[in-house]
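A.B. asks: One letter stands for each residue in the lines below.
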Amino acid sequence: MNRLAAAIASRAAIIVPYLWLLVFFLVPFLIVFKISLSFTAISMPPYTPTFDLSEGWAAFTESLSELSFENYLWLRDDALYFNAYLTSVGIAAVSTFLALLIGYPMAYAMARAPDSLRPLLLMLVILPFWTSFLIRVYAWIGILKPEGLLNQFLLWLGIIDAPLIITGTYAAIYIGIVYSYLPFMVLPLYATLEKMDFSLIEAAQDLGSTPAGAFWKITVPLSVPGIVAGCMLVFIPAVGEFVIPDLLGGSQTLMIGKTLWNEFFANRDWPVASAVAIVLLLVLVVPIMFFQQAQAKAQERDR
Amino acid sequence: MNRLSRFNIVSLVFGFAFLYIPILLLVIYSFNASRLVTVWGGFSTRWYVSLFQNQQLIDAAWVTFRVAFLSASVATVLGTLAAIALTRYTRFHGRILFTGMVFAPLVMPEVITGLSLLLLFVAIGLERGFMTITLAHITFSMCFVAVVVQSRLLSFDRSLEEAAQDLGATPARTFFSVTLPVILPAIVAGWMLAFTLSLDDLVIASFTSGPGATTLPMRIYSQVRLGVTPEINAVSTILIGVVGVGVIIASLVNKRRDVQRRRDEQVAAQG
Chain Y
1 MNRLAAAIAS
11 RAAIIVPYLW
21 LLVFFLVPFL
31 IVFKISLSFT
41 AISMPPYTPT
51 FDLSEGWAAF
61 TESLSELSFE
71 NYLWLRDDAL
81 YFNAYLTSVG
91 IAAVSTFLAL
101 LIGYPMAYAM
111 ARAPDSLRPL
121 LLMLVILPFW
131 TSFLIRVYAW
141 IGILKPEGLL
151 NQFLLWLGII
161 DAPLIITGTY
171 AAIYIGIVYS
181 YLPFMVLPLY
191 ATLEKMDFSL
201 IEAAQDLGST
211 PAGAFWKITV
221 PLSVPGIVAG
231 CMLVFIPAVG
241 EFVIPDLLGG
251 SQTLMIGKTL
261 WNEFFANRDW
271 PVASAVAIVL
281 LLVLVVPIMF
291 FQQAQAKAQE
301 RDR
Chain W
304 MNRLSRFNIV
314 SLVFGFAFLY
324 IPILLLVIYS
334 FNASRLVTVW
344 GGFSTRWYVS
354 LFQNQQLIDA
364 AWVTFRVAFL
374 SASVATVLGT
384 LAAIALTRYT
394 RFHGRILFTG
404 MVFAPLVMPE
414 VITGLSLLLL
424 FVAIGLERGF
434 MTITLAHITF
444 SMCFVAVVVQ
454 SRLLSFDRSL
464 EEAAQDLGAT
474 PARTFFSVTL
484 PVILPAIVAG
494 WMLAFTLSLD
504 DLVIASFTSG
514 PGATTLPMRI
524 YSQVRLGVTP
534 EINAVSTILI
544 GVVGVGVIIA
554 SLVNKRRDVQ
564 RRRDEQVAAQ
574 G
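Line by line, the protein sequences are chains Y and W. At the far end of the first sequence sits residue 303, using this note's numbering, and the numbering has no gaps. At the far end of the second sequence sits residue 574, using this note's numbering, and the numbering has no gaps.
Chain Y with its partners taken away, still in its complex shape:
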């Protein structure tokens, strides 16, 4: 009896979350794919389904031949979308690089800090991650806008004569992304650097290596897993980011997350929005696979 109960319980541990994810993750995803192949229509919901399972298998196979790739052709032919994808990847790449530039020295210093200080430093990195993302982005509007605090400060110092225009430019988006995702860069870097044996550097220096030489030949190669994980954790969400380009980037900068949002909410073009989503996912498949591989390797090493 008990064994039966245990067997049922163990099945439940698998089946309940499995079913939940099937219904609320995989099925929605298939629906997006299906709708991306439909026609736009002025109705509610605003699309005409290309195929309908309720009409049976024969009707389904027949409708397969009528699938519409029109939305994808539309994406290919309209330079707006292509540019949005390109801009997104470019902005995400630059931001990731900047985050690495700021995050690496931080993580390195944290790893070298005295043991008593480390929990506090770690806590200070994690704390912003818990506070609202939207609010942290919002805080930058008050700082960066033409009559904002940064410009007032610089004018007061006499460094500039006229306010700098930062909001509405790429610079504002870079700042927003680096600021929001910096903890994601620092934490994996710190995790790998903390495990590093710093006596290796002393050994290299005893053998005549310069500090810079030891850094490039020993520290950097040993921290590659952390660099990869950190960069992926910043790059992947940054590509599909909506809030930051919308609030800080103004109306000219089109990133793909914002394009999707506009297609959906402003143009009410659900099929094109779905096609944008599918293509965005294809763009992200390579970095996601890369990230998963890095994670799997890290797990193997830890065991």
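Every clue listed holds true.
Chain W stretches covered by chain Y per the calculated footprint, using a threshold of three residues with CB under 8 Å from any CB of chain Y:
id: 1; stretch: 319-325
id: 2; stretch: 389-399
From the structure, some residues in chain Y lie toward chain W, with a derived Cβ separation under 10 Å:
id: 3; residue: L21
id: 4; residue: V32
id: 5; residue: I35
id: 6; residue: I102
id: 7; residue: M123
id: 8; residue: I126
id: 9; residue: G142
id: 10; residue: Q152
id: 11; residue: P183
id: 12; residue: D246
id: 13; residue: L247
id: 14; residue: A277
id: 15; residue: P287
id: 16; residue: I288
Bear in mind the hints are in silico, worked out from the structure with no lab data behind them. These numbers were taken from a predicted model, which means no experiment stands behind them. In this text, a Cβ means the ideal position worked out from N, Cα and C, and glycines have one as well.
Go by the hints and put chain W onto chain Y.
C.D. replies: Okay, now just chain W, sitting in the frame of chain Y:
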């Protein structure tokens, strides 16, 4: 060897200044008497007063809190089950698909998650509102819970469970009196993570909500789009305060538990 060079100290100071100065300025300016957000007009709590008279914001905060509480609780149960399935049952049909479905939402752009769930709710004819936001939040936050709990389960010494079963405990009893206490801190951390993720979400909630259910981030977002208002600074300060205090208390409790456990282990070793 644990001496920080000047460069180390500069990079830490610069990094933390970058992380904290914007939040600090936001908090300071929430006490600004002036309506102009960037001009200091003296200390005042008037925006906090007007905040508590803003019924729309209070309603939105209440919706957000209920969604966060409900979705975090369900997500914690589902996420813990998923973590157990991933660590304990290495072979079952469709395990690869299952693993993929647990990890994919972690890196899925929010706009895609939001769009896909909305299309599902439209397809099955579910009326959009409180319930659909909650379902959406459960789905993405359960994956975060699963990852947190899974990492604790991986480092768990299974011989403890075997010992309990050798001593005659049923599998259920073993789970509740041996496994659960050990992974409980991770489950609590998972719940907190799910709660804050839900509290903070703008994009997925915007897609999946309907008339009558507006969350606090949605309300903040629409006000920010219209122009920066001092009231939003006040709301933000309260939210930052609540989350900050919560996280600090949680970490202090954890630390005390750690110290206690170490002391117990020492006593056990000596006894």
